[in-house]
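Chain order of the listed sequences is F and L.
To convert, note that position 182 of the first sequence is 182 in our numbering; the numbers rise steadily by one, no gaps.
When you read off a place in the second sequence, starting at 1, and then add 185, the result is the number in our numbering.
The hints are simulated quantities; they were obtained by calculation from the structure and are not laboratory data.
A virtual CB, placed ideally from N, CA and C, is assigned to each residue, including glycine.
A portion of the hints provided could be inaccurate.
[To be verified] Here are the simulated lysine-lysine pairs, DSSO-like style, with alpha carbons at most 30 angstroms apart: (1) K6(F) with K410(L); (2) K31(F) with K231(L); (3) K133(F) with K94(F); (4) K199(L) with K106(F); (5) K37(F) with K225(L); (6) K410(L) with K68(F); (7) K84(F) with K98(F); (8) K59(F) with K6(F); (9) K410(L) with K37(F); (10) K225(L) with K286(L); (11) K5(F) with K199(L); (12) K225(L) with K179(F); (13) K199(L) with K187(L); (14) K98(F) with K37(F); (15) K31(F) with K191(L); (16) K5(F) with K187(L); (17) K187(L) with K8(F); (18) K410(L) with K8(F).
[Stated by the list, open to error] Here are some of the chain F residues that sit facing chain L, going by a computed Cβ distance under 7 angstroms: (19) N25; (20) N35; (21) I38; (22) E40.
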Amino acid sequence: MTHSKKIKIGCVVIFMIAGIIWGINFYCINKRLPNAKIFEYSKNNPAIADGLEITPLEKKIYSVDEYKEEFPEDKSYSYLTDEKKEHYLIIVLKVKFKNTTQTTLKFEADSFIIEAFPSAYHNGVLVIDGSAKRTIEPGEEQEVFLESNMNDMGLIKTKDLHNIESNKFNLVYSYYPEKRMLVFD
Amino acid sequence: MKAMLKIEMNRAFKNRSFYLSLSIGFSIVMAHIIMVVIGKSENPLKFFGNGLTYPYSVFNSWIGGDSTNPYLSAYSTIFPILATMPFGISYLNDLKKGYVKNIYTRTNRINYCVSKYVATFVMAGIAVVIPMIFNLLITSAMVPSLLPVMNGMFSIGGGNLWSGMFYMHPYIYVLMYLVVYFIYGGVFASLALVGAFFVDNMFLLTLFPFIVYYGLGLAAPYVYKYALIRSINPALILTISQPSGITLFTVIAEALIIGVPCFIIFIWGGVKNDTL
């Protein structure tokens, strides 16, 4: 056997051993921490979290002017110039919370992240009407309007902004070990 | 042509500069593994609390996943030098040593020039991509391959290039970006081939692609306002986590605007060059 052939065989053996070690490690780490299981909740299948029943009711997408007309009390977007307004859309989500326990509960109504697929738009949400920190009595129901803005200056591509209606919108409240989200059709 | 290409590829693989380039690249990615990845692998759940938090994933732990790490900055800064070292200056070397005279008496000039261009392009691509793949493989064996989520731990926003792909099929996204790395490596190395017609000094020639690379970075802010173009800074284009807006148009156009003229000038210049 020539010297170069010995080197080649040595290299192949080393690569094979490295590959096996890599494969075992890859398998073990991904078995220990696998991808999150996905749980989707809808209008007919509400989520229950810590005794709070959460139901996604409605999704609407507004231009800045439409939004101002619909929610005149919210001055969040009054700073936008006419030119900038064209680059913005505002998504409003209506969510119902119901206390299913026998005790008074406190919760934060804006503890969500909004995601849209396939555009990959994502952002936080804000409560439009009143405070995010809420108290809810046993059996009580509260409907909350949440808003989030999307603009094509970083949050979303311009072409996706114009085709946003075709996206699937989720309101995520847990990512791991289970991904739990409200789905708005 | 095929025989010439085989000879050039053989020469390239036996070139010590190729291994020097690889070892510099490997030093950077190994430093990243030692300083960053090992720490994350010890406890991927370190900052995981509940609700909207998330464990560490390969896609925000490997060298390409976090634009703020200094190792990626170092890698992308010397990127054109890593690409040029393997075979970029070999044409000037061949001219100086008279190697081309021997070749031109045996084969068509165009065969040699095309083979030289292809070998340089491919070797540059390999030299810049292999350390990145190595880092990704090692990281993927130490940190879980959890799908990226949109809670802010992953820097790709909805406005970024291929963002949908990143969140749904992150390994394909990385693969697509490594193709960009390969092409940009080849393109910047080909600048050195053309530079050989104007520069007679090995050291300056190695730095020539770096000067163009750096120059584009300096010019970038002046064209950023154009939505179709955005950043033309190659260092930012090659930052996989995309801290700055880049467009597919710019990624392709920049590679073509540099690569195609380089190819034409090199082939035309190489054939016309009065060497004999």
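Against the structure, the hints come out as follows:
no. : hint                 : in the structure
1   : K6(F) with K410(L)   : violated (59 angstroms)
2   : K31(F) with K231(L)  : holds (18 angstroms)
3   : K133(F) with K94(F)  : holds (16 angstroms)
4   : K199(L) with K106(F) : violated (70 angstroms)
5   : K37(F) with K225(L)  : holds (23 angstroms)
6   : K410(L) with K68(F)  : holds (29 angstroms)
7   : K84(F) with K98(F)   : violated (38 angstroms)
8   : K59(F) with K6(F)    : violated (67 angstroms)
9   : K410(L) with K37(F)  : violated (42 angstroms)
10  : K225(L) with K286(L) : violated (55 angstroms)
11  : K5(F) with K199(L)   : holds (17 angstroms)
12  : K225(L) with K179(F) : holds (22 angstroms)
13  : K199(L) with K187(L) : holds (18 angstroms)
14  : K98(F) with K37(F)   : holds (25 angstroms)
15  : K31(F) with K191(L)  : violated (44 angstroms)
16  : K5(F) with K187(L)   : holds (25 angstroms)
17  : K187(L) with K8(F)   : holds (25 angstroms)
18  : K410(L) with K8(F)   : violated (53 angstroms)
19  : N25                  : holds (4 angstroms)
20  : N35                  : holds (5 angstroms)
21  : I38                  : violated (10 angstroms)
22  : E40                  : violated (15 angstroms)
In this structure, the earlier hints numbered 1, 4, 7, 8, 9, 10, 15, 18, 21, 22 are contradicted, and the remaining ones agree with it.
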